[in-house]
Amino acid sequence: MKIAILAYSMDDNSGTSLAAIDNTALFSKLGHNVTLFTLIPSDNENNLAVKSLPKPLLNLPLWKYPLMYFFAILPAPLHLPFIKRCLKPLAEYDAVFAYDYPLGWFGYYLKKQNPSMRYLCFFQGLQLPEMCEFWFEKLYVKLLVKYHYKTSVKNADNVIVESRFLKDYMKNNLSIESKVIPNPTYLFMDRSATGENVRNKYKLNNDPVILYVDRLEEHKGIELLLDAFSEVRTKVCDAKLIIIGKCTLKYYQKRLLERNDEAVIFIDYVPHEEIADYYTASDVFATCALCEEGLSHTIIEAQAFGKPVVAFDIPAHREIVKNGETGILVNDVGNKDDFAAALTELLTDISTKNTIGENALLWAEGLGNKAVNDFTGLLDNKKE
Numbered sequence: 056m057k058i059a060i061l062a063y064s065m066d067d068n069s070g071t072s073l074a075a076i077d078n079t080a081l082f083s084k085l086g087h088n089v090t091l092f093t094l095i096p097s098d099n100e101n102n103l104a105v106k107s108l109p110k111p112l113l114n115l116p117l118w119k120y121p122l123m124y125f126f127a128i129l130p131a132p133l134h135l136p137f138i139k140r141c142l143k144p145l146a147e148y149d150a151v152f153a154y155d156y157p158l159g160w161f162g163y164y165l166k167k168q169n170p171s172m173r174y175l176c177f178f179q180g181l182q183l184p185e186m187c188e189f190w191f192e193k194l195y196v197k198l199l200v201k202y203h204y205k206t207s208v209k210n211a212d213n214v215i216v217e218s219r220f221l222k223d224y225m226k227n228n229l230s231i232e233s234k235v236i237p238n239p240t241y242l243f244m245d246r247s248a249t250g251e252n253v254r255n256k257y258k259l260n261n262d263p264v265i266l267y268v269d270r271l272e273e274h275k276g277i278e279l280l281l282d283a284f285s286e287v288r289t290k291v292c293d294a295k296l297i298i299i300g301k302c303t304l305k306y307y308q309k310r311l312l313e314r315n316d317e318a319v320i321f322i323d324y325v326p327h328e329e330i331a332d333y334y335t336a337s338d339v340f341a342t343c344a345l346c347e348e349g350l351s352h353t354i355i356e357a358q359a360f361g362k363p364v365v366a367f368d369i370p371a372h373r374e375i376v377k378n379g380e381t382g383i384l385v386n387d388v389g390n391k392d393d394f395a396a397a398l399t400e401l402l403t404d405i406s407t408k409n410t411i412g413e414n415a416l417l418w419a420e421g422l423g424n425k426a427v428n429d430f431t432g433l434l435d436n437k438k439e
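If you want the numbering used here, it's the position in the sequence shown, counting the first as 1, plus 55.
Hints should not be assumed to be uniformly reliable.
What the hints assert, rightly or not - Keeping only pairs whose Cα atoms sit at most 27 Å apart, straight-line, the calculated BS3-like set for lysine-lysine is: (1) K305 / K391; (2) K166 / K57; (3) K205 / K166; (4) K391 / K425; (5) K290 / K377; (6) K209 / K226; (7) K197 / K234; (8) K234 / K377; (9) K209 / K167; (10) K167 / K197; (11) K226 / K166; (12) K226 / K377; (13) K258 / K234; (14) K234 / K166; (15) K408 / K222; (16) K209 / K193; (17) K167 / K222.
If you're looking for bench data, these hints aren't it; they were derived computationally from the structure.
What you are looking at is a predicted structure, and each value in this text was computed from that prediction instead of being measured.
Please model the entire structure based on the sequences and the hints provided.
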């Protein structure tokens, strides 16, 4: 089958981009003729068949130009001339997989032009108003969710989400039926990584290491993680915390860096082909995300490298961390003392840490096998 996969960018810090890249590799491995189309290409495309789409009319980072939110509120009318320029090279494909906004509109119009084409829309996560800092972001997201998410999937053959939380949200708030397939982004990661390079680079020796990998945003609870880590250090004095992720808001980045703890290592960017070394170099993976997310790829990746996870007990985490078996879910969401106690337990009880890590690895492998089977049969399914 000839498949076109559509992604906004090739940013390997973006879970959506990584999902598109990995699914391109996966479907190619399964024998399909797959091309990855993107609006923003990069120099690192892992030898995949990648083609660039014409640049969008409004291709500015919204966090730097807040007034652009108001122009982006009506995506279809504003982007329609641009989208139509892109449809011609896509019309020859048997199926199109569109990943999130604004690529859903491409699939929507392609399906309208050619009803026999398979159109599958993937939602890696939903930007919810409660995750936003500014009022214009909240307004934009409310309209985006109600307008784009609901309209652009009207004629999709399948809507794919990564978690039951997203499935329930789509059904209850947008009346959209969907199928749950977690994307195993770790399948093509370097499983032979030892972590030795990372420990040498940062002079970690045999120090216990806590790892966080994700965007640096306020709803991710980074300051809470730093507070919890300070408590951990009172009992595990040689512990280190590595935080990997980009921060788009300069004031928030400044606030984090002002904490000035020599035991905390901030790393703005790690190429995805090198991130495996950081997982293997760590002892525990931690995230203090406070509100609902679609699904944390990095939690699954950490477990795939045999690392126990500490996270708050919110529904999206509950789906991918088995409390007491593959990690520890802290019941009192936002309680830094309980979070610190969970981290301390795993760093000081090596037997428990190793057992939970082994369980995490087995669970992640099972999830990966199921996802491959689900993706393999996806194109044979009727509309759901």
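To see whether the hints hold, each was checked on the structure:
Of the supplied pair hints, the one linking K305 and K391 holds, its CA atoms being roughly 25 Å apart against a limit of 27 Å. This hinted pair checks out: K166 and K57 have alpha carbons roughly 15 Å apart, not beyond 27 Å. Distance check on the hinted pair: K205 and K166 sit about 16 Å apart at the alpha-carbon level, within 27 Å; holds. With a CA separation close to 35 Å, the supplied pair K391 and K425 exceeds the 27 Å bound.
Taking the CA atoms of K290 and K377, the gap is about 26 Å. The hint holds against a cut of 27 Å. Between K209 and K226 the alpha-carbon distance is near 13 Å, which keeps this suggested pair within the 27 Å criterion. Distance restraint check for K197 and K234: the Cα-Cα separation of roughly 23 Å lies within the 27 Å cut-off, and the hinted pair is therefore satisfied. Under the criterion of a C-alpha separation no larger than 27 Å, the hint pairing K234 with K377 is consistent with the structure, at around 22 Å.
Taking the CA atoms of K209 and K167, the gap is about 10 Å. The hint holds against a cut of 27 Å. Straight-line distance between C-alpha atoms of K167 and K197 comes to about 26 Å, which keeps the hinted pair within the 27 Å bound. Straight-line distance between C-alpha atoms of K226 and K166 comes to about 22 Å, which keeps the hinted pair within the 27 Å bound. Using a Cα cut-off of 27 Å, the hinted pair K226 and K377 holds, with the two alpha carbons roughly 25 Å apart.
Note on K258 and K234: the hinted pairing is violated, with a Cα-Cα distance of about 45 Å set against a maximum of 27 Å. Distance check on the hinted pair: K234 and K166 sit about 19 Å apart at the alpha-carbon level, within 27 Å; holds. Note on K408 and K222: the hinted pairing is violated, with a Cα-Cα distance of about 32 Å set against a maximum of 27 Å. A distance of roughly 24 Å separates the Cα atoms of K209 and K193; the hinted pair therefore holds under the 27 Å criterion.
With a CA separation close to 25 Å, the supplied pair K167 and K222 stays within the 27 Å bound.
Checked against the numbered hints above, the structure violates hints 4, 13 and 15; every other hint is satisfied.
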